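*Asks:* Below are the chains, spelled out letter by letter.
2 protein chains.
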Amino acid sequence: MINFEIISTDSNARLGQITTQRGIINTPAFMPVGTNATVKAMSSDEMKELGAEILLSNTYHLYLRPGHEIIREVGGLHSFMRWDGPILTDSGGFQVFSLAPLRKIKGDGVEFRSHIDGSLHFLTPELAMEIQRALGADIAMVFDECTPYPASREYALNSLKLTTEWARRCKEYRPQGSGVRGQGSDNDITHDAAPSVGAGLCAWPGQPQGIAPANQSLFGIVQGGVYKDLRKQSAGELLEIEFDGYALGGLSVGEPKELMYEMVHFTTPLLPQGRPRYLMGIGDLMDVLEAVSAGIDMFDCVMPTRNARNGTLFTIQGRISIKREEYKKDPGPLDPDCSCYTCRNFSRAYLRHMFMSREILSMRLNTIHNLHFYLEFFRKMREAIKNNSFTGFRNRWTPILQKNFHEG
Amino acid sequence: MINFEIISTDSNARLGQITTQRGIINTPAFMPVGTNATVKAMSSDEMKELGAEILLSNTYHLYLRPGHEIIREVGGLHSFMRWDGPILTDSGGFQVFSLAPLRKIKGDGVEFRSHIDGSLHFLTPELAMEIQRALGADIAMVFDECTPYPASREYALNSLKLTTEWARRCKEYRPQGSGVRGQGSDNDITHDAAPSVGAGLCAWPGQPQGIAPANQSLFGIVQGGVYKDLRKQSAGELLEIEFDGYALGGLSVGEPKELMYEMVHFTTPLLPQGRPRYLMGIGDLMDVLEAVSAGIDMFDCVMPTRNARNGTLFTIQGRISIKREEYKKDPGPLDPDCSCYTCRNFSRAYLRHMFMSREILSMRLNTIHNLHFYLEFFRKMREAIKNNSFTGFRNRWTPILQKNFHEG
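Those protein sequence lines, which keep their order, are chains A and B. Heads up, the first sequence is in my numbering, so the first residue is 20 and it goes up one at a time. Heads up, the second sequence is in my numbering, so the first residue is 20 and it goes up one at a time.
No lab work stands behind these hints: they were computed from the structure. Watch out, some of these pointers could steer you wrong.
Claimed, not checked - With a cut-off of at most 25 angstroms between alpha-carbon atoms, the simulated DMTMM-like pairs for lysine to aspartate or glutamate come out as follows:
#: 1; chain 1: A; residue 1: LYS399; chain 2: A; residue 2: GLU309
#: 2; chain 1: A; residue 1: LYS342; chain 2: B; residue 2: GLU88
#: 3; chain 1: B; residue 1: LYS347; chain 2: A; residue 2: GLU309
#: 4; chain 1: B; residue 1: LYS348; chain 2: A; residue 2: GLU309
#: 5; chain 1: A; residue 1: LYS348; chain 2: B; residue 2: GLU261
#: 6; chain 1: A; residue 1: LYS342; chain 2: B; residue 2: GLU68
On a predicted model such as this, the values are computed, not experimentally measured, just so you know.
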């Protein structure tokens with residue numbers, strides 16, 4: 020089970036540490052997204068070098084391909100992708116509602132068709148838990164309905180009721196099958212399911228194999244749309260069930276930014292001080308600053324990685340579109356103030372050439388840079404909270420972030 | 020200038036060392052192909068870790084994009100791609116004849132349209148040399164016409180005459196522009212073209228910048244189609260001009276394998292013992308064994324890298340198509356006998372999943388494995404020549420290579 024400790028605060032901003040069986044996560048934390056059991060274009064070794072302390076992976080995607088049973092059989096997600104740090108998996112809820120065609124809520128769960136091959140599936144809170152257990156996630160998320168925007172009060176209310184009911188079922192779920200097949204543990208209720216694959220690579224010496232139910236943490240997700248009383252109701256109901264951490268869901272789904280900020284500031288204080296708070300899917304660093312000032316501890320977003328692959332790079336001087344003609348002969352680094360592998364070694368001219376030639380190395384070098392930018396931002400932000408200078412940090416970074424996220 | 024030393028021989032097979040200003044190349048050598056200033060999916064650091072001692076890059080591609088003048092301005096190809104080992108560049112001849120639409124030989128050179136944007140270009144022996152000088156290649160190739168197969172005796176004769184004439188012009192060419200802009204040298208006839216970019220990344224501390232004309236080696240290319248007397252004539256004419264090394268061109272262009280082998284065995288002994296011999300574009304390792312037995316020292320081919328990206332992997336047990344259903348749950352490494360990064364860390368199940376999900380990491384991991392297979396094969400082959408056991412090596416590897424290159 021995780022342990023969360025608040026080390027210091029600066030107004031509402033919190034500096035903390037989440038201790039897991041696979042290592043410490045310093046908060047506020049950014050979780051790079053490894054949808055298909057890889058952060059796109061990166062190796063797990065590179066993620067370690069970049070200083071990532073936790074990765075996020077997607078239940079929906081891994082359930083459809085290669086299938087959670089396969090990952091279970093070959094030793095779990097950590098061994099599969101050779102990442103020995105903590106992993107948080109989402110529950111698949113968000114993807115079912117955003118990616119899958121023909122989804123249909125049917126009492127017990129959601130029926131949907133795979134976006135890959137059109138096959139029919141039925142995802143329930145129990146299955147979402149079973150998948151996350153098979154993957155061996157250190158932190159699992161409850162299966163929720165992500166309330167869209169706009170949504171009527173009535174829709175939002177019904178949606179939050181469903182989310183609460185599903186959250187309770189997730190909490191109460193006790194796995195039927197085995198967890199990751201590995202060395203087991205005293206807490207593993209299925210230690211009789213002996214590992215049959217000890218000879219292969221899936222026996223990863225020195226690493227904890229799989230996850231015991233007692234070691235897997237579970238976070239609840241607050242819904243309620245943009246209705247304060249519903250957010251309050253949702254938080255209240257989840258707190259009653261009691262989770263290891265709490266997430267804010269259903270934000271940044273199309274609502275005006277002010278409304279999102281209002282919801283974050285209203286909802287965050289309703290959550291217990293002593294548990295990690297996670298704002299799901301938000302990664303515009305201006306929004307991160309706002310959310311940290313409200314007391315949020317965890318973030319995930321595909322912005323740094325997706326933008327990198329499209330040739331959009333974040334720098335202290337502002338956003339760079341590397342395909343632009345002006346970089347054709349530019350011998351200087353992407354960002355003279357950056358210490359990442361890409362900036363230490365390659366010129367803008369080379370990065371432009373790689374991008375224009377559609378070389379795979381382009382995606383790698385760009386992704387390294389953008390992830391370094393994000394992780395470095397979070398390191399500096401933590402330092403600022405520690406030094407009680409978060410406001411100064413925020414004022415200093417606001418114009419830089421504006422040039423990266425809100426111009427052009 | 021390069022220096023070539025034969026360390027030992029085993030029948031006609033030669034163990035040698037080419038010494039360049041950027042390091043030693045042990046021969047027989049395999050040169051991975053970095054067409055666009057990157058070995059596809061690889062970083063130069065990874066190429067170093069794999070033990071590559073020389074890379075090949077393509078004049079035609081870099082001339083069209085980003086343009087050799089740009090690479091010259093930002094400090095040359097080595098600095099551009101951060102590879103401090105030797106680089107051999109081809110002359111563009113082969114690509115003009117195989118890739119470019121509407122190519123037309125016009126006395127002085129070849130007119131062609133770019134396969135990228137359709138723009139019109141005119142490549143001459145002098146321009147091919149100028150480009151290779153701008154790139155800063157350690158070993159340059161003469162501009163040749165690659166005789167197709169089939170070709171009439173008359174066509175092959177005219178073609179070889181043209182190649183000889185062009186080879187002479189390449190040898191006699193003295194650069195008009197500057198070489199790579201860098202620290203220059205006493206031999207650099209253009210040291211007055213002062214570096215203007217010292218502040219940028221292109222000043223690569225501790226690395227030789229650019230190439231002085233006296234340090235760039237030039238290899239001639241023997242043509243003559245499948246006509247022995249013409250091969251002899253071509254070799255004779257090139258030897259008269261005198262080059263630092265000699266290549267066999269116009270082979271593996273569609274002719275029957277027996278004919279290719281016949282040409283290699285006939286032509287190789289016509290080349291001087293004391294100079295490196297390079298069989299261009301050949302990389303089927305069965306062919307490599309045959310050519311090494313004839314006295315060839317250098318090879319290049321896209322087979323390991325291109326096959327890797329297509330999910331075809333070479334192993335001691337035979338070729339693997341990683342997309343096959345049978346690897347879905349396979350917890351073992353690609354090749355239990357392989358010590359590469361991929362095989363040390365990842366299961367076939369993971370490699371299949373990466374490939375099926377079209378993840379970038381798939382191309383990286385597969386490429387690492389196939390290049391390791393090739394470079395390891397060459398290391399072992401050199402060891403065998405050293406121990407006078409090349410025949411035994413060949414007999415041992417023939418069934419393995421058959422299962423990789425000539426089955427299914």
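*Asks:* Which constraints among the numbered hints does this structure fail? Numbers only, ascending.
*Replies:* Hints 3, 4, 5, 6 not satisfied by this model.
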